[in-house]
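Dock chains B, C, D and E against the given chain A, drawing on the hints supplied.
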Amino acid sequence: MAKRPTPTEFIVERDKDRCIACQVCVRMCSNDVHIYDADTNTVTSDNSKCVGCHFCETLCPTDAITIKKNESSFKPNANWSVSVISDITKQAETGGVILTGMGCDKPYTIYWDHILLNASQVTNPSIDPLREPMELRRYIGRKPDKIELDYNKKGKIELKTMLEKQLKLEVPIMFSAMSYGSVSLNTCISLAKASHELGIFYNTGEGGLHKSLYKYGKNTIIQIASGRFGVHPEYLRTGAAIEIKIGQGAKPGIGGHLPGEKVSKEVSEARMIPEGTDAISPAPHHDIYSIEDLRQLIHALKEATDYEKPVGVKIAAVHNVVPIASGVARAGADYIAIDGMRGGTGAAPKVIRDNVGIPIEFAIAAVDARLREEGIRTKVSLIAAGGFRSSGDVIKAIALGADAVYIATSALIALGCSQCQKCYTGKCNWGIATQDPYLTKRLNPEIGVQRLKNLIRAWSLEIKDMLGGMGINSIDSLCGNRTHLRGIGLSDRELEILGIKSAGEPQ
Amino acid sequence: MKTLKTEYLIIGNSASGAACIEGIRKIDKTGSITVISDENTFNYSRPLISYFLAGKVKKEEMPFRDKKFYSKNNVKLILGNMAKKLDTKKRIVCLSHGEKNIFNKLLIAIGGSPIIPEIKGSWLDGVFAFTTFGDVVAIKDYIKNHTVKRAIVIGGGLIGLKAVEALIELGIKVSIVELADRILSTTFDTKASEIIQDALRKTGCNIFSNNTVVEILGKDNNKKVKSVTLKTRKQVPADLVITAIGVSPNIQLVKNTSISINKGILVDETMQTNVKDIYAAGDVCEKNIPIWPNAFKQGRIAGENMAGGNAVYTGGIAMNSVELCGIPTISIGKTSLEQDKYKILEMHKKEELIYKKIVLENNHIVGCIFVGNIERAGIYTGLIINRVDISNVKDTLLEEDFGILALPEKYRKHLVGDVGLEV
Amino acid sequence: MRHSEQEKLISGCSVAGIMNESGRKISGEAIIRSIAVMRERSNGLGGGFSAYGIYPKFKNYFAFHMMYDDKKAMADAEGYLKTNYRVVKSEEIPTIEDKSIKNRPLLWRYFVELKDKVKNLYYDLTEEDIVVNDVMKINAEIEGAFVTSSGKNMGIFKGIGYPEDIGRYYKLEEYRAYIWIAHGRFPTNSVGWWGGAHPFGLLNWSVVHNGEISSYGINKRYLENFGYRCSLFTDTEVILYLFDLLVRKHKLPFDIVCKIIDAPLWEEIDRNGDDEERELLKTLRIIYSSALINGPFSIIISDGNIMMGLNDRVKLRPLVSLKDGDTVYMATEECAIREVCKSKKEIYYSKSSEPIIGKLKN
Amino acid sequence: MKRIRIDEKYCMGCRLCEVHCIVQHSKTKNILKTYMGECSKPAPRIFVEEKGYVTFALQCRHCEDAPCLDACMTGAMYRDKETGAVLCSEDKCVGCWMCIMVCPFGVISRSSDKKIASKCDLCMGEDMPVCVKNCPNEALKYEDSKD
Amino acid sequence: MNRNISKLQRIDARDLNYRELNRLIKDAANEGIKNIHLTNVNGQRYIGTGVNNAPKININGVPGNDLGAFMDGCSINVSGNGEDGIGNTMNSGRIVINGSAGDILGYSMRGGEIFVKGNVGYRVGIHMKSYKNMYPVIIIGGCARDFLGEYMAGGLLIVLGLNRKSKNPIVGSYCGTGMHGGKIFIRGNVEPWQLGKEVRVYEPNKNKDDFSLIEKYLRQYCELFSLDFDSIIKTNFTKLLPGSSRPYGKLYAY
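Chains as they are written, first to last, in this note's numbering: chain A, 10 to 516; chain B, 10 to 432; chain C, 102 to 463; chain D, 824 to 970; chain E, 469 to 722.
Bound conformation, chain A alone (with noise of 0.2 Å):
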């Protein structure tokens, strides 16, 4: 069917005075959207391929280029925008679903904008962060109620209580679930790297383990999810804990597909799949119908690794994540991890993406109530997920009750992603959501690393800063501590679900 043309979404905008017509822009664009005339030695673009991610933009060494949003469209609509537009047309000739990919970006309300910390004056002193001592560390994993002693003949104190397996975290922070497959070997390889130099933990999604990452299995949360990508005996073994992923903020309750031209040679060793197969999760993991089948499968993963390793599941912020992650408490999960709705994806139907689920917001205010309600919340951690965007929203979620956070969006903005939702093309120009060996090498993880590195190091000293202020040396003491959050523009019910008071009201 013939194409029909709709705006484009973006336009290069080339400064004749400044274009050497050096083709940088030319090489690097995975989109073609640069060309070269050799006749006239002039570069020009098309702007239809444009799909604003930047990358030329920044390598352009004279500047010339600049991206700009197409602002000429249809008649302006309040109700029929460019992009309902644009999806509608190409529904039309293909009969197919949108795909988007990275987190929702409809501007819902963020509520860490709507909360506000707390700081010390006079009646309680702040502290210092540069020169007093601060301490960041949290340790992930099912703890019991008490401790058990025992008193030995000579009288001396002797633990009895056998602490089950914690994950240790230098830094309340863990980078989130992308798989080897979605993302590249490179980008795995930082994350990875990073992790292990950061003391924390990066995780495998369902992208099985790369051999030349099974060196950082003591910084590795691998996953299972419902396609069982790579899940092996060794795999099982390589992993400090073991997550079971029953859904993903951004796309609650779908499976996922990962085309076979992203099956590489290497993808499909770690996924042990033929090379070049569709790698398909199903919607659901055909062993858990309900509650006391993930029961089951959690004890099975224990059975199958003899209780060494902590095994948490993951699951989407969506409704009724109250009563889900009260049972999957129960169900014998060491930790949850919430996932919002702004979480990010390598690939989402766009309707569910923007339409299904709930910020994280509410989802980990409301489950650490509950879990406290039912006296559950000592035993088990939460880690919340979903659209982290600076220290500030970190501190808040650990305020409302999380025990760490994931992050993955902001790991891959700090690795160079520009957020142009493309990751489900496979081109991607930052060499980060691609396997295409001609793009990937774009992304040197020494350089990864230490960009991630970077920004774990800049946020754990914001954090600081902001517990210092609070009079807090110990990340402990603001776990769950709402005392220290106020909430701005929120209406009561609002307030009331995130368990704060309104900004000018005391204690």
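Check before you lean on any hint, since a few could be wrong.
Here are the simulated DSSO-like cross-link-like pairs (lysine-lysine), alpha carbons at most 27 Å apart as the crow flies [claimed, not checked]:
#1 LYS274/A to LYS600/E
#2 LYS665/E to LYS383/C
#3 LYS359/A to LYS475/E
#4 LYS35/B to LYS915/D
#5 LYS904/D to LYS149/B
#6 LYS58/A to LYS388/A
#7 LYS904/D to LYS462/A
#8 LYS665/E to LYS424/C
#9 LYS76/B to LYS904/D
#10 LYS274/A to LYS832/D
#11 LYS633/E to LYS460/C
#12 LYS25/A to LYS12/A
#13 LYS832/D to LYS403/B
#14 LYS832/D to LYS224/A
#15 LYS235/B to LYS158/B
#16 LYS825/D to LYS850/D
#17 LYS153/B to LYS35/B
#18 LYS99/A to LYS12/A
#19 LYS264/B to LYS94/B
#20 LYS718/E to LYS452/C
#21 LYS956/D to LYS850/D
#22 LYS665/E to LYS445/C
#23 LYS200/C to LYS220/C
#24 LYS676/E to LYS718/E
#25 LYS224/A to LYS78/A
#26 LYS126/C to LYS172/C
#27 LYS220/C to LYS183/C
#28 LYS352/B to LYS956/D
#29 LYS65/B to LYS874/D
#30 LYS81/B to LYS956/D
#31 LYS228/B to LYS153/B
#32 LYS220/A to LYS419/B
#33 LYS635/E to LYS359/A
If you're looking for bench data, these hints aren't it; they were derived computationally from the structure.
Positioned in the frame of chain A, the structure of chains B, C, D and E alone reads:
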């Protein structure tokens, strides 16, 4: 009568001699070195003489190593003095001025002498060889002092052509007399030769191929050159005749010593002669390909070995790089073989005067010619020298973007994997 | 202790049922053992049993099993009961002393019959309708009171704990019934509320459920059309009310009800070569589209005559059964049956939407 | 002694090294003037090769045993005492192309006016060669060599 | 070396919960015992999971769910029926069920064999996948219910339909739905309505490779259950293959 004692004695001060100094000093920083040269300049680059003739290079630019070279390397330099006699047993070299030099290690690097054809009239004024700086200074003087409008160059090889080019540069009309059916017949194949011939002809140069000069005729009391008679009986007027038909090893010094010779001095792969501690390098050696890089390399290897090292000369290949009439050319190895066992790859862009040819033997490159476009030719040299199996890249050898990347990974890593070259 | 409205509590579970089709009674010991084998499937936050044929002396009276949070609730509920019913016997439900059983409510049972004046007042309603209304009213409006069961010659015994502990607590080994249905619960949260345990009962109905009903929202609103009040915060109660509505009120046979709540896929209906049957199935789906139960479930339901096991349309939950002579066993896992049935007979693996029925002879 | 290390794995093939090399060796060292103003821009002294998805930028390796040094008949090619770099003295080079002939990397080329040999000079005078400084993916590194 | 190798260990599973039972099995296996005999098993889960040294485990009774989950190399023989989730994400080894088995057998199985003498339930062989020399094989003597081989990505599924009553279909609906790899062979015919959209029907017998593939595993199967291979193989098989290795390639707009 002075008697000098030296650890290292080097006879000859051209490429091999200088390289030998560098070779020795690489290992032995202090051992005494003496260099003897029959020329009066302390060193100069022999291939530069054509540039000097053309006026492109000044006299002071002739040296390839600066004045400090000898002092820095603590070398005693004896110029304008010739080694007359060599006693291999006593290890003494007698010089023409009478000094005796006792050495521990000796390098003979006295090069070759021009082959002067036995032509009637070759003693006339205005007939020159084209080998040494002295030759060129003489030619220059001659041109300065006489009216030279036409010149004949006997020999259409590389040296001859360099002379031709210099003369053209000076506004002299040149004719070339070449025994073979074309110029550059030993370095080039027909196509490449033709490109250069065409270019030369365009500048007004006559080329007499399949021809020789049988007599040089004189004027002014039969003192000065007037014309030449060719084999074909043709008379060609000339105010200047340059003979450039090659050099032969200077073996005068070693004749009647225990050093084995044939046409040149015989050396082993360490550049040592059959007499222990006596080495030879450069054009004086047997079967040497008389080109600068080979002479230099041999000299350095000899030097290293003289100082106790264990360098090995794996053999040089014929290669020449020359720019003629503004056309850069490079030829390496076997280039004009047309037998069945060779596979020939060719690329010829007539208009652009670009010609490339690669000769393959059993999946190895054994020779190539580049005319007009010589960029990255060294890569092929490397492939020839290192005998790299190129069967996997055979089809791409002549492609525009052929480069290191196209080469077998092992070779590529070998070259690039580390900083610098470890061949 | 009840949770806010609109929230359905989700639980995974184990179910088991034993029925003697000849009406021969069996001690509660068997069902306790059967459900206990599947301990892994529950988490100590709910267990319960329904038993049919346990009150032969009072078989003509409605047996109200009640749970009270406190004496006040008890007084309120009894006051309400006494306005409409004549109570022939009221007593505390006997239990053992067991400290491990937590948050025990007051547990009472009443054998009652409707007062004539009430029957006359609601002359257009059946006795059952009136009972249903009263059960709904007590459950929804009397703070702290809950009707556990309200049928005749049957009763539901449930609470917070592992099912076998709950069974022993109620001394069920001392009861004899021809139908036993049991449930081990794995709620996704702890509601320290005994009423939340299965089985759920209304009139003679009792149901145990394993799964989650995704269609709960519309099932609930559909039932509210017909005066049911879903006040138990569980998706399971809609099953109960749907059966009550469709069987008792709409007078539909069991197998037709199954075709409503477990309607065949349109694809299957379209494929059906029998024109009449196809038309019937189509009409059922059109009329009762809101009564379709979606999501994973396996249930065991009984009205005292029939014990039926049923799975959802794509069989997302396990259910197996075995018939040995006139005894029918049903359970989530085979081991629960093998634990109490020594017969070597083959187990029957339920199909999706396939009712497994034990039926009382005569 | 510092040398440029090539990390082939991370060369994107953007050729920014080439652009910056050209600018660095131009008269003005101004990118716009070099490309749009100066009548002839210098030839790049870095060679970006590309085959399939593999690319890398190669420049003079400043070999320890440099064939170009041996081959240079004018002594134009010399080793800088301080840095050990192999440099070409523009005054002395006569354009005989011997160096081009013997360099196995093919990284010496004729200058844009075709008169003299042009090769990587490690951007003498800069802290870091501009190709390294401007490599967006650190595929080129300026590091101490092993020896 | 190890004197335990030939030793048989008997474990009475009565009144043991699964963790206790599995601990005993693992300990025995770790000691190098190659034959473990379990009696009075009733509902204990995860037997064979996380067990090293690949012993033979003989089970009397009804093993619970997830029998042989994530199993690597053990050989399990069940005298009667199995329950749900047998061979979940199994890596290698063999499970033999002498009776029938429940739902979700062989989910995401990557290697080894599961041989069931009787019938199996729903969703058997979902997402089986082969990889290099790992090739999962399931042979079902009786019939299978709906969603057999859903999302199948590799390996071999054979349904024999032995002792089948004519009214019972050999496989249920949606057989091979979402299939994108592997092979299913069904002894007899299947109707189009029984099949998922993504499978195509072929006639296998003309293809020598198919016969030798079936024969390779079916002979072992027949030997195990004392069945006559020749009479079983006589009946025509239906071969199901995925229509495409990219079943959902056209699902999305550009």
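Exercise. Within 27 Å, alpha carbon to alpha carbon, are LYS99/A and LYS12/A?
Worked result: 8 Å, holds
Exercise. Is the hinted pair LYS665/E and LYS445/C satisfied, with a Cα-Cα distance of at most 27 Å?
Worked result: 40 Å, violated
Problem set entry | Proposed proximity, LYS94/B with LYS264/B (alpha carbon, max 27 Å) | 10 Å, holds
For this session: Mind checking the alpha carbons of LYS718/E and LYS452/C for me, to see if they're no more than 27 Å apart?
Result: 33 Å, violated
For this session: Compare the distance between the alpha carbons of LYS65/B and LYS874/D with 27 Å, and conclude whether the hinted pair is satisfied.
Result: Since the Cα atoms of LYS65/B and LYS874/D sit roughly 41 Å apart, the hinted pair is violated (cutoff 27 Å).
Problem set entry | Satisfaction of hint between LYS419/B and LYS220/A, Cα-Cα up to 27 Å | 24 Å, holds
Exercise. LYS235/B and LYS158/B: Cα distance at most 27 Å?
Worked result: 11 Å, holds
For this session: With a cut-off of 27 Å on the C-alpha distance, tell me whether LYS274/A and LYS832/D pass.
Result: 17 Å, holds
For this session: Would you check the hint for LYS956/D and LYS850/D, treating anything up to 27 Å between C-alpha atoms as holding?
Result: 20 Å, holds
Exercise. Is the Cα-Cα distance between LYS153/B and LYS35/B 27 Å or less?
Worked result: Measuring from Cα to Cα gives roughly 44 Å; hence the hint is violated.
Problem set entry | Given pair status - LYS475/E, LYS359/A, alpha carbons within 27 Å | 60 Å, violated
Exercise. Within a Cα-Cα threshold of 27 Å, do LYS58/A and LYS388/A meet the stated pairing?
Worked result: Violated, at about 52 Å.
Violated hints, listed in ascending order, are 3, 5, 6, 7, 8, 12, 17, 20, 22, 23, 24, 25, 26, 28, 29, 30 and 33; each of the other numbered hints is respected by the structure.
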